[in-house]
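There are 2 protein chains.
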Amino acid sequence: MATAPRLPADLSREAALARDAADPLAGFIGEFTLPEATIYLNGNSLGPSPSAALARVNEAATEEWSRRLITSWNRSGWFQLPYRLGDRIARLIGANAGEVVMTDGTSINLFRMVAAALALRPDRRVIVMEGSNFPTDNYVVQGLIATLGQGHVIRFAEHDAIAAAIDGDVAVVVLTQTHYKTGHILDMAAITARAHEAGALALWDLCHSAGAIPVDLNGCNADLAVGCTYKYLNGGPGSPGFQFAAKRHQADLVQPLTGWWGHGAPFAFDRDYAPATGIGRTLTGTQPILSMVAAEAGIDIAERAGLDRARAKSRALGALFQDLVAARLGDAGFELGSPADPDARGGHIAYEHPQGYPIMKALISRGVIGDFRAPSSIRFGFSPLYLRYVDIWDAVEILHDIMMSGAWRDPAFAAVEAVT
Amino acid sequence: MATAPRLPADLSREAALARDAADPLAGFIGEFTLPEATIYLNGNSLGPSPSAALARVNEAATEEWSRRLITSWNRSGWFQLPYRLGDRIARLIGANAGEVVMTDGTSINLFRMVAAALALRPDRRVIVMEGSNFPTDNYVVQGLIATLGQGHVIRFAEHDAIAAAIDGDVAVVVLTQTHYKTGHILDMAAITARAHEAGALALWDLCHSAGAIPVDLNGCNADLAVGCTYKYLNGGPGSPGFQFAAKRHQADLVQPLTGWWGHGAPFAFDRDYAPATGIGRTLTGTQPILSMVAAEAGIDIAERAGLDRARAKSRALGALFQDLVAARLGDAGFELGSPADPDARGGHIAYEHPQGYPIMKALISRGVIGDFRAPSSIRFGFSPLYLRYVDIWDAVEILHDIMMSGAWRDPAFAAVEAVT
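If you read the sequences in order, they're chains A and B.
In case it helps, the UniProt record's numbering puts the first sequence at residues 1 to 420.
In case it helps, the UniProt record's numbering puts the second sequence at residues 1 to 420.
Just so you know, the hints here were simulated from the structure itself, not pulled from any lab data.
No residue lacks a Cβ here, since even glycine has one placed at the ideal position from N, Cα and C.
Please note: incorrect hints may appear among the correct ones.
Label-pair restraints from in silico Cβ distances [claimed, not checked]:
| no. | chain 1 | residue 1 | chain 2 | residue 2 | range |
| --- | --- | --- | --- | --- | --- |
| 1 | B | Pro375 | A | Gln80 | 22 to 30 angstroms |
| 2 | B | Asp323 | A | Val254 | 47 to 55 angstroms |
| 3 | B | Arg121 | A | Asp270 | 41 to 49 angstroms |
| 4 | B | Ala18 | A | Val254 | 54 to 62 angstroms |
| 5 | A | Gln80 | B | Asp343 | 34 to 42 angstroms |
| 6 | B | Arg271 | A | Met404 | 35 to 43 angstroms |
| 7 | A | Arg409 | B | Asp270 | 40 to 48 angstroms |
| 8 | B | Asp270 | A | Ala327 | 45 to 53 angstroms |
| 9 | B | Arg271 | A | Arg271 | 40 to 48 angstroms |
| 10 | B | Asp343 | A | Ala374 | 54 to 62 angstroms |
| 11 | A | Ala97 | B | Ala251 | 43 to 51 angstroms |
In silico DMTMM-like links for lysine to aspartate or glutamate, alpha-carbon gap of 20 angstroms or less [unchecked claim]:
| no. | chain 1 | residue 1 | chain 2 | residue 2 |
| --- | --- | --- | --- | --- |
| 12 | A | Lys181 | B | Asp270 |
| 13 | B | Lys181 | A | Asp272 |
| 14 | A | Lys361 | A | Asp410 |
| 15 | B | Lys361 | B | Asp401 |
| 16 | A | Lys181 | A | Asp167 |
| 17 | A | Lys247 | A | Asp270 |
| 18 | A | Lys181 | A | Asp401 |
| 19 | A | Lys181 | B | Asp371 |
| 20 | B | Lys181 | A | Asp270 |
| 21 | B | Lys247 | B | Asp87 |
| 22 | B | Lys361 | B | Asp371 |
| 23 | A | Lys361 | A | Glu397 |
Given these sequences and hints, build the entire structure.
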């Protein structure tokens, strides 16, 4: 290691250790099974495994599937999982019981909910979205529009311009609350109010919000929402997503993916579809049980930790990272790709760097896991439930070493494009 | 137990044991983890657990998720699972590599494929289906039609009347090859040929066929197909389904559920959708990995067993059950609800009985697991990979005892409707 860095006292490693000693969430670290010698700053993409999730998957496989077999649909509560876990997720996003189901994946759920929104506003043809949003949201709406063939159009607007893009032609605004790349948090209350003022609906994608920041769907009077559980809720790879429909819309809610799980009497085996009352009408078919049961442990941890406390720590971890990078790597070419104000961003921070790809590869080789998003963003996620302040300090130390030593120039880390 | 039954020699328990001793598939029983004191005749609904599946789920959770975390999308091959497992399923259903992906569930996949079929026949408005089909297929198509709003209609026709229902107005026939209730197998080759003759497409639901009977999609010149993996392929509860599109249709295939996994360059994060070439364009979003990896063991067993051998044994198990019921319970009021000819039905047999509900409950209480389908069907599935001939003999012995003793009249077995 190079010469000991000279830093102001509050950015010292000792200060980080002191904050860990005083951290009210420190006990949750022990609830995760984490790899050794790794600082995992990518929980904004795939959360790590709660130990209880591993045990639960094993129990579901060996006890519920192997031993109870078909009877588990009732005896092990499999049929009720979308509702029961939906109700638990509801408490984390400001929704009521009976307003959320856990099912399928975000893209499928978004298709359903946007279609439902358009059906609730049959005389309007405009959908407001952010062009810079995680692209699957755009793709889903583009596919839906083409399928409907009714002349709907997407009106793309970026954050500050969104409110002005909402007029009387707009059926629904479809927005991701926390931006996947920059972490920028949109003002859900203000934009929803603006949408309602214009007679439009507001549909929120909570993929980068759920479990990361307190969300208050009903407090904001949101209409519809979708989200995933494998990021800050630590539900496991590809764990099912969720969807929310405010109670006031449920009786009139029509969605295109009508399958037997959404039928009012699925075991009557009627020939014709008749929707369930309530949120159940947004379900379609049989769910992937092993992936679904895995997700409950992470939801449980988030509930016990409390999202206010989690948010406060996540904010502090991110601010520490930001301050350390500014203090120690000010000349290394990193440009903040996220809001500088920690309150204006969610659980992750992006930096732009022309050599982002090999730098991230070098970091990963040293056990600091973040990710790269083309063309030049590197992202670091600050999940508060299993990260320590000293992990942040050590991560920046490693980044500093990689930059100062030029280790990132190792041809092994070169962008694939540059090598082949 | 009552007086020893008097049976013709070939229906004796000894004969069943002798057949087990000579069974070339007997070795596969040891590859399943099965509950004790259970004769599981419900693999047509949820297959039991291959021991390798349990091990694989545990490995994916503890090694791939916990230890490798985000890197598993590449290092553990998660991104490739829909293709790799799809190619393995393809070999079991007469399809080629690159024609099948494993993804989502049957209802979602059916929505996608029917929509694709209608887009390939834009000038036609009729969809031929069996009204008695498992209802989710009807519900899905009803929802799709309502969403499209182009005046499509379903023309319902039952098995013998299907061919006559196919005329020049038909865009696609959407049929389940093996009937969920009766087990009746439709003639895929003849109906597909008839559809093509009329300029229509043929879409086959293989839920009760895949793994149960040899299927030859390309030999029949089928256009599209869907199916599930948790029945005869023993993939685990709610394991993802699959979808097939014949190579000749892929370049023109347009489907409504356009998400990032179906994009030609998902990591370019382009704003606008551009489909992948090939079967990849039928994918939508992130898949439930733990449920998906669980399914490979059952696919592997089916491949090693060989579907011709599996079909021959399943046919023989069902015929033995049928003969034993006829010989021993001829007066007990069971009416065969399936084709009498074993070649005309798939892997299960249904009986109609006015007291079907309490009879099935009594059977389950004695460890013989079948299922009940309203109003009066009881179904027994004959999965050949983990059932022995003597299991069939013992199951009928228990059924005989329940009927002769009147045990089924126990109020504990009464239909819920009659109790509450």
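Here is what the structure says about each hint:
Checked against the hint of 22 to 30 angstroms, the C-beta distance between B:Pro375 and A:Gln80 comes to roughly 25 angstroms, which is consistent with it. A hinted range of 47 to 55 angstroms holds for the C-beta pair B:Asp323 and A:Val254, which are about 51 angstroms apart. Between B:Arg121 and A:Asp270 the C-beta distance comes to about 28 angstroms, which lies outside the given range of 41 to 49 angstroms. Taking the beta carbon of each, B:Ala18 and A:Val254 are about 60 angstroms apart, inside 54 to 62 angstroms as hinted.
Range check, A:Gln80 to B:Asp343: about 40 angstroms between beta-carbon atoms, so the 34 to 42 angstroms window is met. For the pair B:Arg271 and A:Met404, the beta carbons lie near 37 angstroms from each other, so the given range of 35 to 43 angstroms is met. Between A:Arg409 and B:Asp270 the Cβ separation comes to about 30 angstroms, which falls outside the hinted range of 40 to 48 angstroms. As the Cβ distance of B:Asp270 to A:Ala327 is approximately 37 angstroms, the hint placing it in 45 to 53 angstroms is violated.
Judged by the Cβ atoms, the range 40 to 48 angstroms given for B:Arg271 and A:Arg271 holds: they are separated by roughly 42 angstroms. In this structure the supplied range 54 to 62 angstroms holds for B:Asp343 paired with A:Ala374, their Cβ-Cβ distance being about 56 angstroms. Checked against the hint of 43 to 51 angstroms, the C-beta distance between A:Ala97 and B:Ala251 comes to roughly 48 angstroms, which is consistent with it. This hinted pair checks out: A:Lys181 and B:Asp270 have alpha carbons roughly 13 angstroms apart, not beyond 20 angstroms.
Pair hint B:Lys181 plus A:Asp272 holds up; C-alpha atoms about 17 angstroms apart against a cutoff of 20 angstroms. About 10 angstroms separates the Cα atoms of A:Lys361 and A:Asp410, which keeps this hinted pair within 20 angstroms; it holds. Between B:Lys361 and B:Asp401, the direct Cα distance comes to roughly 14 angstroms. Compliance with the 20 angstroms bound is thereby established for this hinted pair. About 27 angstroms separates the Cα atoms of A:Lys181 and A:Asp167, which puts this hinted pair outside 20 angstroms; it is violated.
At most 20 angstroms may separate the alpha-carbon atoms for a hinted pair to count; A:Lys247 and A:Asp270 exceed this at roughly 27 angstroms. Using a Cα cut-off of 20 angstroms, the hinted pair A:Lys181 and A:Asp401 is violated, with the two alpha carbons roughly 25 angstroms apart. Of the supplied pair hints, the one linking A:Lys181 and B:Asp371 is violated, its CA atoms being roughly 50 angstroms apart against a limit of 20 angstroms. A hinted pair counts as satisfied when its Cα atoms are at most 20 angstroms apart, and B:Lys181 with A:Asp270 qualifies at roughly 13 angstroms.
Our distance criterion of 20 angstroms between C-alpha atoms is met by B:Lys247 and B:Asp87, whose separation comes to about 13 angstroms. Pair hint B:Lys361 plus B:Asp371 holds up; C-alpha atoms about 9 angstroms apart against a cutoff of 20 angstroms. Restraint check for A:Lys361 and A:Glu397: satisfied, since their Cα atoms lie roughly 16 angstroms apart, inside the 20 angstroms limit.
The earlier numbered hints that this structure contradicts are 3, 7, 8, 16, 17, 18, 19.
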